[in-house]
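S.K.: Take a look at the letters that make up each chain.
6 protein chains.
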Amino acid sequence: MKFLKDLKPGDRVADIYMCKHKLIATTKNGKEYYSVTLQDKTGIVDAKVWEPNSDGIDEFDDTDYIDVFGEVTSFNGALQINVKRARRCHEGEYDPALYLPVSKKDNDQMYKELLGIIGTIQNPYLKKLLEEFFVQDEAFITAFRKSSAAKTVHHAFIGGLLEHTLSVTKLCDYYASVYPRLNRDLLLTAAMCHDMGKTREISLFPVNDYTDEGQFIGHIVMGCEMVGEKARSIEGFPILLMQQLQHCILAHHGEYEYGSPKKPSIMEAVALNLADNTDAKMETFTELLENVQTPGWQGYNKFFETNIYETATDKL
Amino acid sequence: MKFLKDLKPGDRVADIYMCKHKLIATTKNGKEYYSVTLQDKTGIVDAKVWEPNSDGIDEFDDTDYIDVFGEVTSFNGALQINVKRARRCHEGEYDPALYLPVSKKDNDQMYKELLGIIGTIQNPYLKKLLEEFFVQDEAFITAFRKSSAAKTVHHAFIGGLLEHTLSVTKLCDYYASVYPRLNRDLLLTAAMCHDMGKTREISLFPVNDYTDEGQFIGHIVMGCEMVGEKARSIEGFPILLMQQLQHCILAHHGEYEYGSPKKPSIMEAVALNLADNTDAKMETFTELLENVQTPGWQGYNKFFETNIYETATDKL
Amino acid sequence: MKFLKDLKPGDRVADIYMCKHKLIATTKNGKEYYSVTLQDKTGIVDAKVWEPNSDGIDEFDDTDYIDVFGEVTSFNGALQINVKRARRCHEGEYDPALYLPVSKKDNDQMYKELLGIIGTIQNPYLKKLLEEFFVQDEAFITAFRKSSAAKTVHHAFIGGLLEHTLSVTKLCDYYASVYPRLNRDLLLTAAMCHDMGKTREISLFPVNDYTDEGQFIGHIVMGCEMVGEKARSIEGFPILLMQQLQHCILAHHGEYEYGSPKKPSIMEAVALNLADNTDAKMETFTELLENVQTPGWQGYNKFFETNIYETATDKL
Amino acid sequence: MKFLKDLKPGDRVADIYMCKHKLIATTKNGKEYYSVTLQDKTGIVDAKVWEPNSDGIDEFDDTDYIDVFGEVTSFNGALQINVKRARRCHEGEYDPALYLPVSKKDNDQMYKELLGIIGTIQNPYLKKLLEEFFVQDEAFITAFRKSSAAKTVHHAFIGGLLEHTLSVTKLCDYYASVYPRLNRDLLLTAAMCHDMGKTREISLFPVNDYTDEGQFIGHIVMGCEMVGEKARSIEGFPILLMQQLQHCILAHHGEYEYGSPKKPSIMEAVALNLADNTDAKMETFTELLENVQTPGWQGYNKFFETNIYETATDKL
Amino acid sequence: MKFLKDLKPGDRVADIYMCKHKLIATTKNGKEYYSVTLQDKTGIVDAKVWEPNSDGIDEFDDTDYIDVFGEVTSFNGALQINVKRARRCHEGEYDPALYLPVSKKDNDQMYKELLGIIGTIQNPYLKKLLEEFFVQDEAFITAFRKSSAAKTVHHAFIGGLLEHTLSVTKLCDYYASVYPRLNRDLLLTAAMCHDMGKTREISLFPVNDYTDEGQFIGHIVMGCEMVGEKARSIEGFPILLMQQLQHCILAHHGEYEYGSPKKPSIMEAVALNLADNTDAKMETFTELLENVQTPGWQGYNKFFETNIYETATDKL
Amino acid sequence: MKFLKDLKPGDRVADIYMCKHKLIATTKNGKEYYSVTLQDKTGIVDAKVWEPNSDGIDEFDDTDYIDVFGEVTSFNGALQINVKRARRCHEGEYDPALYLPVSKKDNDQMYKELLGIIGTIQNPYLKKLLEEFFVQDEAFITAFRKSSAAKTVHHAFIGGLLEHTLSVTKLCDYYASVYPRLNRDLLLTAAMCHDMGKTREISLFPVNDYTDEGQFIGHIVMGCEMVGEKARSIEGFPILLMQQLQHCILAHHGEYEYGSPKKPSIMEAVALNLADNTDAKMETFTELLENVQTPGWQGYNKFFETNIYETATDKL
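Residue numbers (my numbering), protein chains in the order written: chain A, 14 to 329; chain B, 14 to 329; chain C, 14 to 329; chain D, 14 to 329; chain E, 14 to 329; chain F, 14 to 329.
For the record, the hints were derived by calculation from the structure and aren't laboratory data.
Any given hint could turn out to be false.
Because identical chains cannot be distinguished in the list, a pair is counted as satisfied if it fits within a single copy or across any two copies.
Below, computed lysine to aspartate or glutamate pairings styled on DMTMM-like, alpha-carbon distance capped at 25 angstroms [stated by the list, open to error]:
1) K15 <-> E151
2) K54 <-> E104
3) K315 <-> E242
4) K141 <-> D225
5) K294 <-> D28
6) K140 <-> E226
7) K276 <-> E303
8) K141 <-> E238
9) K183 <-> D59
10) K15 <-> E45
11) K294 <-> D19
12) K61 <-> E300
13) K243 <-> E106
14) K164 <-> E145
15) K18 <-> D225
16) K276 <-> E300
17) K118 <-> E72
18) K294 <-> E248
19) K294 <-> E64
20) K294 <-> D225
21) K54 <-> E318
22) K21 <-> E64
Just so we're clear, the structure is a prediction, and the values are computed from it rather than from any experiment.
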């Protein structure tokens, strides 16, 4: 299979791609055509079906898989596929793993590692809370392992939420080993739960977009609520411990202007915010560098608010 | 009874006041004394018991009512009562209503007015939700009617939460009559529920201070959660309506930097934020003017970030 | 007449529209053509005259009314009219009311309502000031009733200034009935005068653009000056009252960064700022919703700084 | 005469000082006394009259001149005069120049210099406007020459407004000689008028405090209005020139958050803002250094937002 | 020679221009072409070589001088040259001074003026430091005289750094004559050195782009280091004087957010910041006005954050 | 020895303390006395010598060690020692380690650990640079190991700079193991050098205050310069590597407003900023908790901008 990121003007295309989005549009002359976004795991490309009513063009819709035959051109500096034939495929003809961005890390392995950390939690209430989510709640586990951690920005791929959560949890574990004032059980539980609201804030792939609930309530408040409900259902769960755990989730963006309704008041909340911020920035920079075409200066980057430079290829 | 706000240097005091706070302190010479804050509904005054171990001084503690005998002096520009005798009173000796700040408006009347507005809500789910809180939940009603709306700033008195809620709801009703795009049922329900989390954020008088839950979670998230739980318990309550109601509560501070985890996305949430802000500013200015000693310029005011001027006494 | 908002690609056009703006441009091949903005009360559309020197094309200029014959196409996602014939019309051939955006509310009715409120002002000096503007000054009344309240944003239509002023005044009247510390006469007078500088800041339709004076001085300072001159011309007008009235106008944007050279120092100025802000936000949201094509999420809105959602069509 | 800045604990005082402010206060024991602020041109000192009803104490009030006999002590690190005798003086007994802060520069000389610059203005309308203010309007000239440029901060002394205005005007003249795009006549006229509103914003010495008009309207808008009225009274004064002159005054603080309702739109307004800012900062730093007690680091300074260092005494 | 700023659609071009940048691109049909930016001292123009492999098209590269034959068209509102023939020229065929933006002021004259000011410095250490840079260091002098003061914004032309430095130095000299607390030697030395790091931050013309060192370290820190090294190499140079000089350079942007790692702590640093800011704003506005096509309002300007108006052409 | 933190009103004092600061002051009655700040490693206490000329009071000065005899009282809520006798001690009478705040961690052990990490650096130039500082430069090593990392805030004790540097370096090592895009050699070298300018910015204990150089230049620029000089002295040190190392130091505060003249452009600079920020916040919170008197809520904390809560003592 020829991946979308490897196409160049003049290429012929004859492969199966996912239709991420189809739009019916009209040319200047009033003629109808399809404007389609094709996707595989390496990216997306714009495609046009200029003769939608011709024989070779099946009916198809968003998230269908399409066997595309066409030519690659360049329009306004971007690639475009002129589609001559488009056949809608059936399950079995394609391997979905090739069409959706997916974590480079092994999902099973990451999940096992998370369970291992849960095993080290001493506090029985926190451990029980974690187990009810991550061991016993099948629906939650499925969603959690498939979710991305974002619509764009960083970790925007299948398994991204698990990968980010594990990375933040391990950073927190390192902090707990270095700064003895930290309550490790509270901190690591908060780390594992901090973004669990994202399982409901962003719908699963291939859609991966904000839900109504996500827009109206947001993953921070939803995560706080999920943890609160679970804790209240566990007999004897200390009220104050529940509130501190909820506080860590509410405060994990660190500042009001980043959507946290509380600033961190306890050391564990400060630590969680630092770990979350560290993993977000390191992963964002990593993803930037992975897409670098020419080494050296990459131009102004909005997220880092400065000109970015790629050092890895310097032989220093 | 002689109210605290009417005392002046040289007065003798022989009345019952509430002990808001008692501190055991030591003079430069190492002698122990009590530093006491006395309170009635007109304010607070500092008092000193220089001979705490003498015969006329009973043992007493915070929130006890004390029959005080002493003299008023002026120290560093503030009044101070030198307490000679202090007798701890028993229930029945005093009328608590005289000792706590209380809304000038009639509590029963305001509550009745609120119920009247609930009666005008058309949507059966929203009406049921309101009734379950404001008609059927005795514990909630008691707390709601006694709560202040703040620790300091505006509406910091018994009945303040009810007064503020009613005022915001009526402003919203006026908006709904003027701006027809507003969904009146949604807006007024949100108005009545917007600060209900304060019943748990701030403890009741005489303490009137932030609870742990209030500090860790905050009334915005707690109110959102209270409404969510209630709505989920009502059969058939539309999910989207619940989310919009919760959104109004989450967004009612209007800006992230004021502690709202969401900015208003629907017109009703914008309206609620405007009504809340309007009532807060009008009441704050009213309370400022009530305490004015000399007309004209009042000096720089932190809340309004400028020099404040009292116009009421100008005969213009 | 076929309104511009109803055009779609492929339509033929044969109606009179106003020429809002005409530009003489040159094609890549060096050929001259006209790029024209046509307007009616429902909006504007881009039009091209590719053969400006052909027989069917009259000479015409900005704000002329043109009888247009042509075809509608779509270019870069926007409509465009290719004009074949363009005849310049004479007064009498068209009804100007169809070509300019105009308040949905009846102008006479609104004006009468404003006069009614002036009749309720008790203070003789304030009443006289209002009457000299709104009853006796014909030129002012004409401009005031025709002005928009803005170039874009909210109330950007004929009668918009009157509609906004009336709405703010009535909000202030509601405040005065609820918050007894407010000086109703001062507040309502300030409300009626707060944007009168806009009669000179923005030129009348069809131009509706900033004047030199508007850009150099601005409606806030101009309104302050207009009120000051008028008050000084009324014998016995109390100086302090004039200054407070001017202060309300200067401070009505509430914050320095919104162009107010003073922050509100008196309760009436705070109230006026709240009413102005409330009406601006409610009207802006209303205009947004009026233009909604598909219900639900509308995307990021700059003015409200968040994603906007249309609730009216939810059947909840 | 012994100046206040030279007093030290233990000194006897037997000289005439101005009473800037007198307050009747009460001791802890309920005894009345006077708390008085004495002033001469070198500063102010706190004084107490513990026996206000004794024979040697005349009745006196704010801005009276008092022949004081007493002793200097130190209280909480500040000097205090215990007044034994206080005789109210009559005009002629004292030289007012010794009691009020006054510019170090010669007032006549500065005024003459300003008139000289007016003589160089070419535009007849601007020249006439300046002459009507600075040559013909006796009341204005008197106020302008006596005013301070501020209540505190910089140029807070008699003649300060003239000194600051002259300095800004000469800076602008230098700019005009270096940057040929500047319209010298417009710029220098704006410079001479930019703070003329201060003659009404701050009352004259010895009070030197904000007036009602100053607080409600502010010197920026008042200056704009003064210039506008004058220009409109001069036959043939070009409207656009008047607006540009007013714009320079409105925009001379440079930023909305510093109270300018307009940002500078023309090069002359930008230049005036730069000159005003330059003279303000240079004079503020100069006044700081004049009060330096020990060379080197002076501690954090609010105005400059950093630790200030005195370089003048370094022998480098 | 026909300058680029004078071209209009339909013109034929037959002159030598510099190739600022050449890009090999591909048409929609997959055909290769050159997209070239041509430059002369009056500006830049886009050019296309549609037949790069035809006989008349030499091989050429960035900064080569090209004898171009072609036609001027207009594309998307901008000029474009369709190049038919392109011959690479040899040194001697063209006058480089015609192809690079260059200060309007005489470079020798400005340099001589700078040396004249160095001659007036009294402090022997500062004088020696200046002479070692500006009199003895040939490489530095060459770079300093050729450098621009910016990549874009103001003074972005050959000689711009010298012109800006001289202008700032003379402003400082004026300040020193007016504000006697300023140490003229320190201030003028700092002024002459303040931007010397730009000789290394921005490469010389025709490239005139940020260097690696410029991006990683920046001219502020580089200038501080250059001055420090030089001072340490001069025997007896007072340490404190060196630090104050370095401080002036580090603090000359005035605020942290403009990239200064220190805020001005001494009066000379405050003065240098004011002079730098004044010259930058005056020159930026001057360059804006030089490019004005139609008088009056110029639209919103990002740098001045407001709508800009051109006054020079008003006959007032 | 009785430590200062354990004193309470009424205690007698008869021990040796360090005089951190002595001030000669005057009572209200004009009598001279000494106001002294005594220090040991547990804190500081105010002391007064009311009879400085009496027999038992030796002459002494800042940083002298004094054998104090006196009584502890409470004044305005703070402890105060009334000193009856004060004998100046000679070296040998006291153990300096008891009088200065010192890291709880073993200095030799930390230094050894740092050397161990240097041993793991692969790049020969970076390794050589580190060794020349941390292994060969005795004066630097001594200063580095004794310095605090701050005047107040966090790590304000002997060894604080070493402790902070080691902690940041180890955090960076953890990052390098988790985020493979990071250049470990560059990152760890930058971490070890990032605050080395503090050896010159803050003088050693017991003074521990900003130096002139520290105030004028700052540790960020000084550290950049130290690293630059060293790198240039090492033959063959790659220029680009040096610039990237300097960039990491310049950018390690992350934002302009925190005094960094560059924002992080390379991933290593981002990582260093995160590690520095993490260690600063964790250590600051740790030091806060160490000083907690009563568990639970600690009141508003300026650094964390919220109310702080101590979790460690909760038995959850």
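S.K.: Next step is simple, just say for each hint if it's right about the structure.
M.R.: Evaluation of the provided hints:
1. Taking CA atoms no more than 25 angstroms apart as the test, K15 paired with E151 passes in neither setting, with 36 angstroms inside one copy and 59 angstroms between copies.
2. Proximity of K54 to E104 under the C-alpha cut-off of 25 angstroms is restricted to the intra-copy arrangement: shortest distance 17 angstroms within a copy versus 52 angstroms between copies.
3. In this assembly of identical chains, K315 and E242 lie within 25 angstroms of each other by CA distance neither inside one copy nor across copies; the values are 38 angstroms within and 33 angstroms between.
4. Within a single copy, K141 and D225 get their C-alpha atoms only as close as 31 angstroms, which misses the 25 angstroms cut-off; across copies the closest is 24 angstroms, which meets it.
5. For the homomeric pair K294 and D28, neither the shortest alpha-carbon distance inside one copy (36 angstroms) nor that between copies (51 angstroms) is at most 25 angstroms.
6. For a Cα distance limit of 25 angstroms, the shortest separation of K140 from E226 across copies, 22 angstroms, qualifies, whereas the shortest one inside one copy, 28 angstroms, does not.
7. For the homomeric pair K276 and E303, the shortest alpha-carbon distance between copies (21 angstroms) is at most 25 angstroms, but the shortest distance inside one copy (34 angstroms) is not.
8. Taking CA atoms no more than 25 angstroms apart as the test, K141 paired with E238 passes in both settings, with 17 angstroms inside one copy and 23 angstroms between copies.
9. In this homomeric assembly, K183 and D59 never come within 25 angstroms of each other (Cα to Cα): the closest approach is 40 angstroms inside a single copy and 46 angstroms across copies.
10. Taking the shortest Cα distances, K15 and E45 sit within 25 angstroms of each other only across copies (23 angstroms), while inside one copy they are farther apart (29 angstroms).
11. In this homomeric assembly, K294 and D19 never come within 25 angstroms of each other (Cα to Cα): the closest approach is 28 angstroms inside a single copy and 45 angstroms across copies.
12. In this assembly of identical chains, K61 and E300 lie within 25 angstroms of each other by CA distance neither inside one copy nor across copies; the values are 29 angstroms within and 35 angstroms between.
13. For a Cα distance limit of 25 angstroms, the shortest separation of K243 from E106 qualifies neither inside one copy, at 42 angstroms, nor across copies, at 48 angstroms.
14. Proximity of K164 and E145 under a CA criterion of 25 angstroms is satisfied in neither setting, with 27 angstroms inside one chain copy and 39 angstroms between copies.
15. In this assembly of identical chains, the alpha carbons of K18 and D225 never lie at most 25 angstroms apart, being 32 angstroms within a copy and 30 angstroms across copies at closest.
16. Taking the shortest alpha-carbon separations for K276 and E300, only the inter-copy value of 19 angstroms comes in at or below 25 angstroms, while the best intra-copy value is 29 angstroms.
17. For the homomeric pair K118 and E72, neither the shortest alpha-carbon distance inside one copy (36 angstroms) nor that between copies (48 angstroms) is at most 25 angstroms.
18. Taking the shortest alpha-carbon separations for K294 and E248, neither the intra-copy value of 39 angstroms nor the inter-copy value of 35 angstroms comes in at or below 25 angstroms.
19. Taking the shortest Cα distances, K294 and E64 never come within 25 angstroms of each other, neither inside one copy (45 angstroms) nor across copies (46 angstroms).
20. In the homo-oligomer, the alpha carbons of K294 and D225 lie at most 25 angstroms apart only across protomers (23 angstroms), although the nearest pairing inside one protomer, at 27 angstroms, exceeds that limit.
21. In this assembly of identical chains, the alpha carbons of K54 and E318 never lie at most 25 angstroms apart, being 28 angstroms within a copy and 32 angstroms across copies at closest.
22. In this assembly of identical chains, K21 and E64 lie within 25 angstroms of each other by CA distance both inside one copy and across copies; the values are 23 angstroms within and 20 angstroms between.
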